[in-house]
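With the hints as extra help, turn the sequences into a complete structure.
Here's the letter readout for the chains.
There are 6 protein chains.
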Amino acid sequence: MSIVVRHIDRADPATVARLGRAGVATAHEAQGRTGLMSSRMRPIQQDRAIAGTAVTISAPPGDNWMIHVAIEQLREGDIMVLAPTAPCDMGYFGDLLATSAMARGCRALVIDAGVRDTRDLRAMGFLVWSTAVSAQGTVKETLGSVNVPIVCAGAHVSPGDVILADDDGVCVVPRARADEVAAAAETRLAAEEEKRARLAAGELGLDIYGMRERLAAKGLTYV
Amino acid sequence: MSIVVRHIDRADPATVARLGRAGVATAHEAQGRTGLMSSRMRPIQQDRAIAGTAVTISAPPGDNWMIHVAIEQLREGDIMVLAPTAPCDMGYFGDLLATSAMARGCRALVIDAGVRDTRDLRAMGFLVWSTAVSAQGTVKETLGSVNVPIVCAGAHVSPGDVILADDDGVCVVPRARADEVAAAAETRLAAEEEKRARLAAGELGLDIYGMRERLAAKGLTYV
Amino acid sequence: MSIVVRHIDRADPATVARLGRAGVATAHEAQGRTGLMSSRMRPIQQDRAIAGTAVTISAPPGDNWMIHVAIEQLREGDIMVLAPTAPCDMGYFGDLLATSAMARGCRALVIDAGVRDTRDLRAMGFLVWSTAVSAQGTVKETLGSVNVPIVCAGAHVSPGDVILADDDGVCVVPRARADEVAAAAETRLAAEEEKRARLAAGELGLDIYGMRERLAAKGLTYV
Amino acid sequence: MSIVVRHIDRADPATVARLGRAGVATAHEAQGRTGLMSSRMRPIQQDRAIAGTAVTISAPPGDNWMIHVAIEQLREGDIMVLAPTAPCDMGYFGDLLATSAMARGCRALVIDAGVRDTRDLRAMGFLVWSTAVSAQGTVKETLGSVNVPIVCAGAHVSPGDVILADDDGVCVVPRARADEVAAAAETRLAAEEEKRARLAAGELGLDIYGMRERLAAKGLTYV
Amino acid sequence: MSIVVRHIDRADPATVARLGRAGVATAHEAQGRTGLMSSRMRPIQQDRAIAGTAVTISAPPGDNWMIHVAIEQLREGDIMVLAPTAPCDMGYFGDLLATSAMARGCRALVIDAGVRDTRDLRAMGFLVWSTAVSAQGTVKETLGSVNVPIVCAGAHVSPGDVILADDDGVCVVPRARADEVAAAAETRLAAEEEKRARLAAGELGLDIYGMRERLAAKGLTYV
Amino acid sequence: MSIVVRHIDRADPATVARLGRAGVATAHEAQGRTGLMSSRMRPIQQDRAIAGTAVTISAPPGDNWMIHVAIEQLREGDIMVLAPTAPCDMGYFGDLLATSAMARGCRALVIDAGVRDTRDLRAMGFLVWSTAVSAQGTVKETLGSVNVPIVCAGAHVSPGDVILADDDGVCVVPRARADEVAAAAETRLAAEEEKRARLAAGELGLDIYGMRERLAAKGLTYV
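Chains as they are written, first to last, in the numbering used here: chain E, 1 to 223; chain S, 1001 to 1223; chain G, 2001 to 2223; chain R, 3001 to 3223; chain X, 4001 to 4223; chain D, 5001 to 5223.
Bear in mind the hints are in silico, worked out from the structure with no lab data behind them.
Positions of the beta carbon are idealized from the N, C-alpha and C atoms, including for glycine.
Treat the hints with care, as some may be off.
Here are some chain X residues the structure puts well away from chain E; computed CB gaps all over 12 Å [as the list claims (entries may be wrong)]: (1) Arg4006; (2) Leu4036; (3) Arg4040; (4) Arg4119; (5) Asp4120; (6) Met4124; (7) Ala4190; (8) Ala4201.
So the derived label-pair ranges between C-beta atoms look like this [as the list claims (entries may be wrong)]: (9) Pro2013/G x Pro5149/D: 25 to 31 Å; (10) Pro4013/X x Ala1123/S: 56 to 62 Å; (11) Ala4190/X x Ala2183/G: 19 to 25 Å; (12) Gly210/E x Lys3218/R: 18 to 24 Å; (13) Leu189/E x Ala1017/S: 35 to 41 Å.
Chain G stretches covered by chain E per the calculated footprint, using a threshold of three residues with CB under 8 Å from any CB of chain E [stated by the list, open to error]: (14) 2024-2035; (15) 2163-2171; (16) 2177-2190; (17) 2208-2218.
Shown next as structure tokens:
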């Protein structure tokens, strides 16, 4: 039951880049508010964002052997996404594994578990979103799988899906919907740009969005 | 039962400024250790502090409609304080609402719920203290109230009260007590200044505060 | 039962410095994965590390009196380690106590409780690892002990033990094992350096560590 | 600033009894979904409910002295409601204090902190809702206040207010609104009774509440 | 995007019953340690177990409208499984909805959110596994979906899958694997029965499982 | 570094029994408020208490192999105390291991991790205090130690120490202090008995403990 899928279909890099420009919050809205990972998933760095294609890892609790296996499958632009098969806060990943992953063109990890060497990782520019930071090491005893569908921090991820991550969290856009969501996100961005200018000029959302009537109908009273 | 109070009495700006110089920890001490919000309330930025007057928002869980309503009531120097009527981690607030609030002179939000677009908010210099960060959006379906008394992260806040926020958390100083607390805080600051110089010079708190006798009386034994 | 032990045996400063160069994750590995504090223990600053000798404080919940007592026992290179006798998130420590501790050559605090004045502490360069940040002050009513063995955030600490702290957390190395662990850590560092170069050049961990055969034997299947 | 208010206006016992029959969920609905304490507030017993009038206690963290003071103020039908001035999980209350409280006609405690002797308390029939269970004892060193307004587990409580507690949690009904809320709750109970009979007979909420049209209008699609 | 799937393929009732006899822990082992929901999912009753087929509900946070829609789709032996689209602790479900569900042959709910009226639910014999208990009510404003694949408390659930729930938690067995897992579980149960008799008679696991040699080889030392 | 200590000095059974009659809260007070485990340690049963001598287990996260090893070391009256070397919520222990432990005279487990088969354990009368309940199974791959000093849920436990556990939590009494603590606990129990009678008769703690004067001196004001 432990497998490594070597050939996966990845989302188109141009589409990934378009989604990356939209960011997590906008892309999440654009795909109908689905795909967001739990807010327990936090960045170890600040003010950085990334978009890439998922190479997924299903690993036993406290065992990081499969990360070595997964690194061989990485290509330029991939993001590793690891879900342990039981809750685990241990430090699965540090600067040596990051060095190896970067050598293959991967620049980020999303992990529903812990990482360590966080200062080195920041210095290297390798981005991490994790649910814990812990120096506690792991073993290499039990198999898992690479490039199978997983549930990571409450979101379903298939290999090749688009992963978006920034200071607001992590969002998954299924490969099949990536083009459609990118288009919807760009429409939203354009609309936001126009709204931002009007709001900055002092216009109120109450007027821009025409809310006053509906608020009154619901019974809002000014005193 | 959904109301917007348009005219509120705000604490005096000069007093607000004096309290702002004292900071959260000192002002909290100065008013008898009351008014502190829960330590779940954390800043999204570092090494920034603010003081202002509260415009309060009571909002349903997952519904940010009342923020639009509240923005119209903002004046220079106000801080929005939002408490949901049930626990909620969703992202009520992002860069568009911040743009609108800043256009009216408001520079901070205190919210017992989530925010998003945190990188943009930091870049804009809009300060936020929240209990969550989440890209998860909200709806605009149900009414709440603006400028009514609320309980936010365990502290009672009335409209017009002084809100102090820095890296240590958030503290509320009731408007009626603001002058008295500002005076007491300034007395503490002066005393601390003198203590700091003596401590930096190597004197011990045991001697400065005359603690040795009381420690011995309680039974402390040196071995 | 409240005592202050004035004469303690401290780990050798040269050994402390060697362990400091290894850092938390490597030293933790080098001593057989023991001595790590809970991952609830987090730094209030980023990208800073320290190594020192423990002066321990056992304090009642919400009472910081013993910190004043402990400061008198500090020497150059010490780190204060405080465990409350019951869980407590209150702010035991702020800039005045840090001023006093620095005057005696102490540059860090590890505390299974809260601290305040965190911005000032960062500005002063006084390092803190804590389990909470809170402006809530404490009292000076009940005795505790200084330089007795304590359990802090799940780790056993004796006075004079080596404390290592960085962005990954806090690790305790017992004084009696410090030399042996420093040597083991240095061996690990050297081995890591060589591995890092090979990984950066694109070699795979699967090959460097000779994992392929064992993975196959366990039943890993490539599809 | 430490006071004991001896004469408080209590809600009418007949109204308290009517609210007690409604229970927490129904009364909470009947007063517009306000007054509910945090879901961290849990009973130490199962399948028991109570209604009474609040005697409030504001106590320092880890100090239960004010409970002795409050007991003297208790009357038949009162419920003690204690909020610490800083978060605290220690065991403020055990079987001796319960014995004393029962001797004065009080049969329940609501506390945003810990209790101990829980087996004895259950055996005595003294009901407790708390946010922690802990054997950790407290001290009697610092004053607090009795019968002042407090914020307990996120809800505002004034002395004499109605406290409702059952397996769903704890709800506060302000004394001034007690009659109105009791009447609204009874209307809801009657309506629920009729609904329950129809639902038990197999009718669907979709039909009883006429939801099908509005669902279709919003775009719900059956496939 | 809001749909109700009316015709779903349910796992065979005989297989469901076989899995029910195995229980959560054994079935979870039998299917390779997959499908377990988070341990945050706790029963509101004790010493009760159930097995059934999933009718899934994807609902907005704080909105229980879709439960009414789902009840019409229930058949004898179904278990409702609800995942909110954002984290939410509110009370989605109480005794009236349980009355309606029971009238259609459903006897349990699994929900990654809160429930209320828990005493009534226990008295009715309606079983609930939830991540919260809260009297806080919900609204009926926004659509969701019924009988679509969902992620509930970290586990993937498709409509018609087998749901097993007991005091140890909740496990999902995909419909397509139900027969195979039931057979594997029965094999485990038989083996356990034989082991239990030997262990009760005083034989040691060290001998029954032949562990002594492997322990010695790994380096275990008796002193 | 993995060892099993076969011969340990156990506290005297008569002393254990005396401490058992005192219970957790009283014994904890009697030994100066030390030795209490974290309140995260909760019983899986209600209204049951036990006292015994500790057989300690240090186990890797997610690996229960050492429990098999420990069972061979058990004697009548022992309680197993397990601390994982890193935080772990998995289910280390179920009904088969309990059957084996009971065959050797052990009737309880204290574990800073998860257990499963909780309904069976309750039915068997095997008592458990744990920090989690989880059906998630463990492996048998890595060694740990038996009967070495451990830190369990924040408390230091040496083999042979007295373990007290009831609904209030778990307390450790060091073997060397057991007699002294038992005597102090009995003194407290006798004093409590007399106090209980007076409190039940309506006397106030304010008078029994002579608190009125000290309260007035501290400034308590009655209004």
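* To do: Run the structure past the numbered hints and jot down the numbers of the failing ones, going up.
  => 2, 3, 11, 16
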